[in-house]
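Every position in the sequence shown, counted from 1, becomes a number in my numbering once 2 is added.
It is worth saying that the hints were derived from the structure and are not from the lab.
Some clues are possibly wrong.
As the list claims (entries may be wrong) - Each computed PhoX-like pair below joins lysine-lysine, with the alpha-carbon atoms no more than 20 Å apart:
no., residue 1, residue 2
1, K32, K100
2, K156, K132
3, K100, K156
4, K74, K32
5, K116, K132
6, K100, K132
7, K32, K132
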Amino acid sequence: MGGTVLENGYPSMEELRTYNRLPSDERYEKGPVAVIECVQEIPCNPCEAACRFGAIRVGMPITNLPELSEEKCTGCGACIAHCSGLAIFVVDKTYSEKEAAVSFPHEYLPLPAKGDQVDAVNRAGQVMCKGTVVRIVDTVKNDCTPVVTIAIPKEYADQVRGMARLGHEAVEEKKPDGQERGISIFDPDDTLVCRCEEVTVGI
Numbered sequence: 003m004g005g006t007v008l009e010n011g012y013p014s015m016e017e018l019r020t021y022n023r024l025p026s027d028e029r030y031e032k033g034p035v036a037v038i039e040c041v042q043e044i045p046c047n048p049c050e051a052a053c054r055f056g057a058i059r060v061g062m063p064i065t066n067l068p069e070l071s072e073e074k075c076t077g078c079g080a081c082i083a084h085c086s087g088l089a090i091f092v093v094d095k096t097y098s099e100k101e102a103a104v105s106f107p108h109e110y111l112p113l114p115a116k117g118d119q120v121d122a123v124n125r126a127g128q129v130m131c132k133g134t135v136v137r138i139v140d141t142v143k144n145d146c147t148p149v150v151t152i153a154i155p156k157e158y159a160d161q162v163r164g165m166a167r168l169g170h171e172a173v174e175e176k177k178p179d180g181q182e183r184g185i186s187i188f189d190p191d192d193t194l195v196c197r198c199e200e201v202t203v204g205i
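Given the sequences, and given the hints that come with them, work out the whole structure.
This is how it looks when you write it as structure tokens:
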């Protein structure tokens with residue numbers, strides 16, 4: 003899937019490669035590692051302060067893209083909840099023989115429970131496969147940004163970056179005259195237009 007974050011609202015694999023945002027294959031083979039999918043030069047550096055191992059550096063000017071030192075990254079995931087743009091993930095391609103684990107920020111309620119089967123989605127929000135919830139970290143230190151880890155088939159490790167929101171079953175939409183218009187899986191008024199300020203269409 004091509005395009006840019008400005009065109010689509012999310013970065014494409016081509017854009018991530020262009021900006022050198024992906025860990026090396028050699029680092030993936032060593033275990034969990036942070037994947038920083040930040041491609042916009044904006045004044046932001048909480049990820050740098052969040053890493054106690056010094057694996058992330060923004061430096062000066064503050065608009066620099068964060069750089070990951072692969073050899074220092076332990077894959078602990080502390081940086082995930084501290085990224086204002088929700089653009090950091092931890093991917094473990096060594097989770098098991100057939101599965102990878104992906105950790106991501108998930109600021110929607112209700113939260114899943116460990117062991118739940120969920121729909122794993124890509125950067126565009128499209129369902130790619132089923133995933134099993136293996137861990138949820140929702141501590142005070144995360145400041146209302148829970149981090150969910152799911153196990154997925156290994157072939158989707160570079161694509162899955164989240165899970166479908168729970169509790170939003172399909173509902174019938176109606177035309178003004180009462181005729182059926184189609185099926186929607188979300189309430190348009192509940193669509194977020196600004197994550198930072200939690201502003202929805204309906205507000």
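A quick look at each hint next to the structure:
For a cut-off of 20 Å, the pair hint linking K32 to K100 stands: about 16 Å separates their Cα positions. Simply put, K156 and K132 have alpha-carbon atoms about 12 Å apart, close enough for the 20 Å limit, and the pair holds. Between K100 and K156, the direct Cα distance comes to roughly 6 Å. Compliance with the 20 Å bound is thereby established for this hinted pair. Using a Cα cut-off of 20 Å, the hinted pair K74 and K32 holds, with the two alpha carbons roughly 12 Å apart.
Restraint check: the Cα-Cα separation between K116 and K132 comes to about 14 Å, which is no more than 20 Å; the hinted pair holds. Distance check on the hinted pair: K100 and K132 sit about 14 Å apart at the alpha-carbon level, within 20 Å; holds. A C-alpha spacing of about 25 Å is found between K32 and K132, which places the hinted pair above 20 Å, so the restraint is violated.
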